[in-house]
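Enquirer: Numbering (our numbering), first residue to last: 4 to 307.
Source of the hints: derived by calculation from the structure; they are not laboratory data.
Ideal Cβ placement from N, Cα and C applies to all residues, glycine included.
There may be inaccurate statements among the hints.
[As the list claims (entries may be wrong)] For each label pair, taking beta carbons as the anchor points, the in silico distance ranges come out as:
| no. | residue 1 | residue 2 | range |
| --- | --- | --- | --- |
| 1 | 261 | 83 | 38 to 46 Å |
| 2 | 122 | 146 | 38 to 46 Å |
| 3 | 71 | 101 | 48 to 56 Å |
| 4 | 61 | 83 | 14 to 22 Å |
| 5 | 73 | 96 | 56 to 64 Å |
| 6 | 109 | 244 | 44 to 52 Å |
| 7 | 62 | 144 | 28 to 36 Å |
| 8 | 261 | 155 | 38 to 46 Å |
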Amino acid sequence: MTEPSGRPSPRGGGWWPLALIALGVVILAGNLGLGLGPVWRFLGNLLAYWPVALIAVGADMLTRGRYRLLVASLAVGVVVVLAAYGGGGGGSQSISISEPVGAATSARVVLDVGVSPLRLSAAQGGGDLIRGTVSQAAGERIERSTSFRDGRAEVSIRARRRAWLPFSWGGGRGGAWDLTLDQSVPTELVIDGGVGNVDLDLAAARLTRLDLDSGVGSLTVTLPRAGGFTGEIDGGVGSVTLLVPEGLALTLEVDTGIGSVRVGSGFERNGNVYASPAAVAGELPAARLSLDVGVGSVEVRSVR
Numbered sequence: 004m005t006e007p008s009g010r011p012s013p014r015g016g017g018w019w020p021l022a023l024i025a026l027g028v029v030i031l032a033g034n035l036g037l038g039l040g041p042v043w044r045f046l047g048n049l050l051a052y053w054p055v056a057l058i059a060v061g062a063d064m065l066t067r068g069r070y071r072l073l074v075a076s077l078a079v080g081v082v083v084v085l086a087a088y089g090g091g092g093g094g095s096q097s098i099s100i101s102e103p104v105g106a107a108t109s110a111r112v113v114l115d116v117g118v119s120p121l122r123l124s125a126a127q128g129g130g131d132l133i134r135g136t137v138s139q140a141a142g143e144r145i146e147r148s149t150s151f152r153d154g155r156a157e158v159s160i161r162a163r164r165r166a167w168l169p170f171s172w173g174g175g176r177g178g179a180w181d182l183t184l185d186q187s188v189p190t191e192l193v194i195d196g197g198v199g200n201v202d203l204d205l206a207a208a209r210l211t212r213l214d215l216d217s218g219v220g221s222l223t224v225t226l227p228r229a230g231g232f233t234g235e236i237d238g239g240v241g242s243v244t245l246l247v248p249e250g251l252a253l254t255l256e257v258d259t260g261i262g263s264v265r266v267g268s269g270f271e272r273n274g275n276v277y278a279s280p281a282a283v284a285g286e287l288p289a290a291r292l293s294l295d296v297g298v299g300s301v302e303v304r305s306v307r
C-alpha cells in the first residue's frame, strides 16, 4: 500500500488565474493613462466568434476529451486570428443621414450604434436636426424613424443585427458613424454605444437630457457649455474622459467598480460627488450627471 506523502499534490489553476492576470494588466494600463482603444475594440470583436466555442465543445465530446488541450488551443487561435484580421466580417455600407428640423421646437434623438465607433458634434444644422453618415456593418441593418407631435421631433437611428438567433453577440466591423446635431434645438439625447469608441463633442449643443451607454470601448464626452440638463452615463467596460467647459455649473456623481477616478483641480468633492467651480459658486443654469463605470478608468477635467 502506498502511504500518502502528506504533501498536497500540485494542481494547475486552470485558465482563471491567467484570465485574472490579463484583466489586471488591462486595468492597470488604463489606470496609467495608456491608450486602450484598440484593446477594447479587439475584445469586442472576439464576441463575434462565440460559435467557435460550440464547435470546440462538440469536438471535445467526439474525441472524449483525449485532445482537449489541442482543441482548446486551436479554438483560441482561430478566434484571435478572426478577431484581429476580420475574417468573414465583410465590408460596411455608408448611409447618408439628413433629418429636417421642420417646425420642431424640441427633440428626442436616439442613436443605437451597434459595433461601429461614433463621432457626434453639434453645430448650425442648416435646416437639419441631425445630419451626416452612418455605417451599416456586415450582418447589420439600419432602422430609421422620424415623427413629429406637438412641436416635438422624435428621431431614431438604430443598428440591428441580421441573425436567425435572438442573441447574436458581436458582429462585423463597421466604419464610423459621423453625425452633427443641430445646436439650436433643445434636445434629449439617448445613445447606446454598443461595441466601439464613442467621441461626443457637445460643447455647442442645447441638451435637456443625456442618457449614454457606451458598452465596450473608450468614451470621450465634451459637455455642453450651457447648463440646464440632467443625465446618466454608463461607461460599461473601458476608459471614460469627461471634459467640462469652464463656466458649466456641473454636479457629478461617480460610481466605479474596478478602476480609478482622476478629477482635475478646482472641483470640490463630497464623498463620490464632485462639483465644478461654477456649481460651487451657485451659478445657473446648472447641470447634474451620474457616471457609472464597471471596469475602467475615469478622468474628469476642465476645458476652455
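Enquirer: Against the structure, test the hints numbered earlier, and report the numbers of the ones violated in rising order.
Expert: Failing hints, ascending: 1, 2, 5, 6.
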